[in-house]
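Could you slot chains X and W onto chain Z? The hints should help.
Each chain, written out:
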Amino acid sequence: MTHPATTTPRADQRSLRKFCTSPIARLILAGGLSLAIVLVAGVQLGAIDLSWAQVWAGLTGDSSEHVQRVVFELRLPRTLTGVLIGIHFALSGWLLQLLSRNPLAEAGILGISAGASLVAVVAFIIGDWLVSSANPYNNTSFALQYLPLFAMAGGLVTALAVYFLGMRHGHLSPVKMTLTGAVIAGMLHALTTGALAFWGHAHTELVAQWLAGSLYGAEWQHLHTLLPWTLIGLAGVALLVRPLEVMQLDDEHVRTLGLVLNRWRAFALLIATLLAASAVGVVGPVGFIGLLIPHISRRLAGANLPVQLVLCVLLGAVLAVLADLLGRTLFSPYEVPVGVVSAVLGVPFFLYLLSRQP
Amino acid sequence: MLRTEHLSLAYGDKPVVDNVSLAIPEGGITCLLGPNGSGKSTLLKSFAGLLPPRSGQVFLDNRPVTQWDRRRLALRLAMLPQKPIVPDGIRVRDLIALGRFPHRKWWQRNLTTDDNATIDAMAMTGVSDLAERPVEALSGGQQQRVWIAMALAQETDILLLDEPTTFLDWGYQLEVLELLSTLNREHGLTVVMSLHDLNQAAQFADRIAVLANGQLDTIGSPAEVITESLVNRVFRVHTSITAGREGRPFCTGFAESTQSRPKQRPHCTAAS
Amino acid sequence: MANDATLRPTALYGATVSFLALLFVVGLMMGSRWISPSQILAALDGSSDLLTRITVLELRLPRNLLGLLGGAALGVAGAVMQGVTRNSLASPGLTGVIASAALAVVSLRTLGSPGAMWLPLMALGGGLLGGALTFAIAGRRKLQPERVVLAGIAVTSLATALTTGLLLVSGAEAAELYYWLAGSLMGRGWLQLQMVLPWLLLPLFALLVMQRPFRLLQLDDDLAQAMGLAVGRWRLVFLLLALLLAAALVAFTGPIVFIGLVAPHIARRMIGNQIQHWLPLSALLGGLLLLAADILARQLAFPQELPVGMLTALIGAPWLIYLLNSRTSPRSA
Numbered sequence: 001m002t003h004p005a006t007t008t009p010r011a012d013q014r015s016l017r018k019f020c021t022s023p024i025a026r027l028i029l030a031g032g033l034s035l036a037i038v039l040v041a042g043v044q045l046g047a048i049d050l051s052w053a054q055v056w057a058g059l060t061g062d063s064s065e066h067v068q069r070v071v072f073e074l075r076l077p078r079t080l081t082g083v084l085i086g087i088h089f090a091l092s093g094w095l096l097q098l099l100s101r102n103p104l105a106e107a108g109i110l111g112i113s114a115g116a117s118l119v120a121v122v123a124f125i126i127g128d129w130l131v132s133s134a135n136p137y138n139n140t141s142f143a144l145q146y147l148p149l150f151a152m153a154g155g156l157v158t159a160l161a162v163y164f165l166g167m168r169h170g171h172l173s174p175v176k177m178t179l180t181g182a183v184i185a186g187m188l189h190a191l192t193t194g195a196l197a198f199w200g201h202a203h204t205e206l207v208a209q210w211l212a213g214s215l216y217g218a219e220w221q222h223l224h225t226l227l228p229w230t231l232i233g234l235a236g237v238a239l240l241v242r243p244l245e246v247m248q249l250d251d252e253h254v255r256t257l258g259l260v261l262n263r264w265r266a267f268a269l270l271i272a273t274l275l276a277a278s279a280v281g282v283v284g285p286v287g288f289i290g291l292l293i294p295h296i297s298r299r300l301a302g303a304n305l306p307v308q309l310v311l312c313v314l315l316g317a318v319l320a321v322l323a324d325l326l327g328r329t330l331f332s333p334y335e336v337p338v339g340v341v342s343a344v345l346g347v348p349f350f351l352y353l354l355s356r357q358p
Numbered sequence: 001m002l003r004t005e006h007l008s009l010a011y012g013d014k015p016v017v018d019n020v021s022l023a024i025p026e027g028g029i030t031c032l033l034g035p036n037g038s039g040k041s042t043l044l045k046s047f048a049g050l051l052p053p054r055s056g057q058v059f060l061d062n063r064p065v066t067q068w069d070r071r072r073l074a075l076r077l078a079m080l081p082q083k084p085i086v087p088d089g090i091r092v093r094d095l096i097a098l099g100r101f102p103h104r105k106w107w108q109r110n111l112t113t114d115d116n117a118t119i120d121a122m123a124m125t126g127v128s129d130l131a132e133r134p135v136e137a138l139s140g141g142q143q144q145r146v147w148i149a150m151a152l153a154q155e156t157d158i159l160l161l162d163e164p165t166t167f168l169d170w171g172y173q174l175e176v177l178e179l180l181s182t183l184n185r186e187h188g189l190t191v192v193m194s195l196h197d198l199n200q201a202a203q204f205a206d207r208i209a210v211l212a213n214g215q216l217d218t219i220g221s222p223a224e225v226i227t228e229s230l231v232n233r234v235f236r237v238h239t240s241i242t243a244g245r246e247g248r249p250f251c252t253g254f255a256e257s258t259q260s261r262p263k264q265r266p267h268c269t270a271a272s
Numbered sequence: 001m002a003n004d005a006t007l008r009p010t011a012l013y014g015a016t017v018s019f020l021a022l023l024f025v026v027g028l029m030m031g032s033r034w035i036s037p038s039q040i041l042a043a044l045d046g047s048s049d050l051l052t053r054i055t056v057l058e059l060r061l062p063r064n065l066l067g068l069l070g071g072a073a074l075g076v077a078g079a080v081m082q083g084v085t086r087n088s089l090a091s092p093g094l095t096g097v098i099a100s101a102a103l104a105v106v107s108l109r110t111l112g113s114p115g116a117m118w119l120p121l122m123a124l125g126g127g128l129l130g131g132a133l134t135f136a137i138a139g140r141r142k143l144q145p146e147r148v149v150l151a152g153i154a155v156t157s158l159a160t161a162l163t164t165g166l167l168l169v170s171g172a173e174a175a176e177l178y179y180w181l182a183g184s185l186m187g188r189g190w191l192q193l194q195m196v197l198p199w200l201l202l203p204l205f206a207l208l209v210m211q212r213p214f215r216l217l218q219l220d221d222d223l224a225q226a227m228g229l230a231v232g233r234w235r236l237v238f239l240l241l242a243l244l245l246a247a248a249l250v251a252f253t254g255p256i257v258f259i260g261l262v263a264p265h266i267a268r269r270m271i272g273n274q275i276q277h278w279l280p281l282s283a284l285l286g287g288l289l290l291l292a293a294d295i296l297a298r299q300l301a302f303p304q305e306l307p308v309g310m311l312t313a314l315i316g317a318p319w320l321i322y323l324l325n326s327r328t329s330p331r332s333a
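Each protein sequence line maps, in turn, to chains Z, X and W. Its first residue numbered 1, the first sequence is counted upward by one per residue in the numbering used here. Its first residue numbered 1, the second sequence is counted upward by one per residue in the numbering used here. Its first residue numbered 1, the third sequence is counted upward by one per residue in the numbering used here.
One chain only, chain Z, in its complex shape (with noise of 0.2 Å):
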């Protein structure tokens, strides 16, 4: 095929300068911005609020030991924290709601999250009849360094049998998936509460706190045990991008492009159970934030997926650390968790959402 000559030199240097100036390139200003503010806040406020002087004293060692302590071993791994998990549970919902071609997907409506939930709490219940001594303190660090651990094991597991139940003549139905992930997500839901009930034990209540997803009395450990996953999950969606701007054409047209589809919906499910089975191992089922920010994201972004995924990314990291700071100030000393206030959040904003489409 011929073609005219092009006539454009120095077409990366204009592209790179109209990125900058478009108008994709603000809303990722806005949406960093609004992390950086959110992030400053979830440190300075609290139980106790410190003021921006003080903060910067905490964090450059030359404040009172108490501000240091509540600086650095309390709001700063718990803000981080929160913002690794926002990342987590976004990008997986992206991802899965991508792959189900279901904008009301995600982790814990495929039983993702619920597999992670139910072999988290078998484990620690395990943990706690093996180490039967009397120290209460002792049973839950012991428990809480594997858990993530089992968590990913349990949604690897469950991410393993909804992908192969939701087949169609040897292919991947996404509507059968989705379906298939609801009902072993109810099936693991009841077990895991069946389970607990049966236990009945005075531990219940640190169980409880953790399976309404919770940032409370997460550590600096915590964020080790994370961050890797982080890392390994941005990675895996790096690469999937092109592929998933393929994949959103129905299935015969993506192969004839070239694209082998059953190796790239299962690597995109691998990843999306990293991400989120790696959070709920961590601070526990956390729903609607992966179900709630790919949507914003989408409704900003267009159809451009690589400016969707950044922003999940940005937004996720907010919701998640304004729902750990609403919840810690707004019902003083009572703690509401993450999981509830983004759900309260998200709900009424999601009916906005959807009323406003077509």
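None of these hints come from the bench; they were simulated from the model. Everything numeric in this text was worked out from a predicted model, so none of it was measured. All C-beta atoms in this analysis are idealised placements derived from N, C-alpha and C, irrespective of residue type, glycine included. Errors might be hidden in some of the hints.
[Claimed, not checked] Some, not all, of what chain W presents toward chain Z, calculated at C-beta under 10 Å:
1. Ser157
2. Ala161
3. Trp180
4. Pro318
5. Leu324
[What the hints assert, rightly or not] Here are the simulated lysine to any residue pairs, SDA-like style, with alpha carbons at most 25 Å apart:
6. X/Lys83 - Z/Asp251
7. X/Lys105 - Z/Val307
8. X/Lys14 - X/Thr66
9. X/Lys14 - Z/Pro174
10. X/Lys14 - X/Glu163
11. X/Lys14 - Z/Ser173
For chains X and W alone, kept in the frame of chain Z given last:
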């Protein structure tokens, strides 16, 4: 280049195509005709390697299609399914650019050559001034042209189309068929498509393959294939065949039960 | 297809009722103590010892009755929902009704100490909100069965999240509420049965009377309207009745899922085209399933009791997955 040998296809236990052997001529427009359920769609899918054969084979360049690497295959043939999904909010330019996927490694972004191919494809199908509009907002005919542009951006020799005109208004149907005809004439694109309308097939195809009950009934030029006896046998319709434009056959039909001759009604041979 | 399995109605009813009666008796016999049938008879006519009499009359009899009626209520609720929405996946569980009703009850018990009579009302209110939300989210795509279920799943997630959160502030009641949330018939006696009875019997009776409009609604909307049926209004009435049945039960037993989905499906398979038997048979099968699940719940972890909701989920889920795999589309058969 593209041919089948004793090809049989089935969905589960249900056999759909039975022992079909045909060769698709290079550089021509081949049309698959046949009543509903005759296996046209299924046959096309097997050409694209989307359905493994129950028995027999589909060959592209003398190699079985199922043995081709997916990406290499995507560089030789492009397929347009019957009811393609339009991703939410995507613009014309970006949709067409997706057709460049097989040309890059999957992690690479589009380069200048890809952008040029996209621009060319838009020019060839006449949708250049629609480039920035969302695909969902276009008319049926415009959308179909965009899909064809996407297949063109793929830069293949062969284009497969599954009933490209079925859901379009008559004017758009002709628009699409004339576009395909032009692409075939001026760029040497091999076109294989399934159609419902016998007259459209007669008007635009170089060769017609007629399928009935999953078997190949006849294959040949329009004049050879569109005969009163064939139409009667395969479609159960009585026809009278006249000469249409360029000497191609044109049929007027009436159902079997009617005994009397039809009244003289006006009929149109159209050019859009 | 469904027609192959069509059996004569009398044979069907006969078999189901006999099986049901059998289970009922077994339910009276089994428990922390094994009580033989002769002892049961003795308890009924007052000639047994006090312990046996109390166990049979005060513990097991009302519990079994509740299981029977409750299961029937769920089965009918599911059948009604599936029938009037022409969506074979519609059921109180999958449309968010059960989870929302449970949330309402938990909120009431956590934030106050209500009289037991308020519970069904709260549950109804919660279930109503949840169901309405589901259909609102499904929006114009209501006509696609999968969309309603997907919306229902989202609503269920929300209700569950809020419920879990509430449990954290429930303090001392938490353990008890946890057990309640797993769905159970344990400790339900004549008091609960008396309270829930009107809520169950009235809708059941109403549905019995409204058989003809129900049958019409299962046809095409336009067709039914052409026959003079105010389609929208009747559909709403039926859905409200189904809601009432499910929510009232939830108020007393906690959430029990899958029965409202599975019983109508099995009933459909058994009766084929004779749809006039669908509701009664769904009721019978629902009762049967819940009784069976309760018996298992009492025995499997002897001497402790498993929550019955856990068992219905364990049985129902694989069955539903099998169902998803054997059909090509979830539209009503």
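Quick rundown of the hints versus the structure:
no. : hint                : in the structure
1   : Ser157              : 5 Å, holds
2   : Ala161              : 4 Å, holds
3   : Trp180              : 8 Å, holds
4   : Pro318              : 8 Å, holds
5   : Leu324              : 6 Å, holds
6   : X/Lys83 - Z/Asp251  : 11 Å, holds
7   : X/Lys105 - Z/Val307 : 21 Å, holds
8   : X/Lys14 - X/Thr66   : 21 Å, holds
9   : X/Lys14 - Z/Pro174  : 24 Å, holds
10  : X/Lys14 - X/Glu163  : 22 Å, holds
11  : X/Lys14 - Z/Ser173  : 20 Å, holds
Going down the numbered hints, you'll see the structure goes against none, and every one checks out.
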